[in-house]
Amino acid sequence: TQAVNDANTLASEAERSISGDRQLFIEYQNALQAGNATQAASILAMMSTPTRRAVGWWEVQPSDVRPRTPFVSGNPDWNAPGKVVDAQAATARADAEVESARENLTRSHRLEFIAALLTVAFLAGGLSGVFESRGARLALISVSGSVLGLCILGAAFFW
Numbered sequence: 001t002q003a004v005n006d007a008n009t010l011a012s013e014a015e016r017s018i019s020g021d022r023q024l025f026i027e028y029q030n031a032l033q034a035g036n037a038t039q040a041a042s043i044l045a046m047m048s049t050p051t052r053r054a055v056g057w058w059e060v061q062p063s064d065v066r067p068r069t070p071f072v073s074g075n076p077d078w079n080a081p082g083k084v085v086d087a088q089a090a091t092a093r094a095d096a097e098v099e100s101a102r103e104n105l106t107r108s109h110r111l112e113f114i115a116a117l118l119t120v121a122f123l124a125g126g127l128s129g130v131f132e133s134r135g136a137r138l139a140l141i142s143v144s145g146s147v148l149g150l151c152i153l154g155a156a157f158f159w
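120 is the number that my numbering gives to position 120 of the sequence shown; each next residue is one higher, with no gaps.
It should be emphasised that the hints constitute simulated quantities derived from the structure, not laboratory data. Note that the Cβ used here is the ideal one computed from N, Cα and C, for glycine as well. Treat the hints with caution; some may be incorrect.
Computed Cβ-Cβ distance ranges for the label pairs, DEER-style [claimed, not checked]:
1. Ile141 / Ala92: 49 to 55 angstroms
2. Leu32 / Ser100: 49 to 55 angstroms
3. Gly126 / Glu99: 36 to 42 angstroms
Sequences are here, hints too, so could you generate the full structure?
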């Protein structure tokens, strides 16, 4: 369904964004450690604004308590967990919609079976006028009435 496709796309985009952010940070750190400030600035410019803010938060943390990367839950400027949570919520909604669709399909199949039985009931009732024998007519009308009664019960039960 479209909801499942949207949720999968959102999850893929979130994962790709997180992976790209981490890769750029690694390259940024390598450039800083190599003493190449120009390359580090260029890599920093390639990062998204939220990632630059996350790196900025990370850089101002005291070195004795600074996490190894800016991609930690304690970093208020890192927005990737929100993307992942949004993707997970979209996936959960899509799963619920798929389950609802399955239930509706099952109900639909049951009601189609009842519709087929109604056809038999009306056919038997219609055929009763063809026979001249009173017994045959009563038998077909009885079959028609019985099947119609079963269809009513089935519809009440399956609806």
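Hint check for Ala92 and Ile141 - Cβ pair distance inside 49 to 55 angstroms
holds (53 angstroms)
Please check whether Leu32 and Ser100 have a Cβ separation lying inside 49 to 55 angstroms.
For Ser100 against Leu32, whose Cβ atoms are near 52 angstroms apart, the range 49 to 55 angstroms holds.
Please check whether Gly126 and Glu99 have a Cβ separation lying inside 36 to 42 angstroms.
About 41 angstroms separates the Cβ atoms of Gly126 and Glu99, which means 36 to 42 angstroms holds.
In summary, this structure violates none of the numbered hints.
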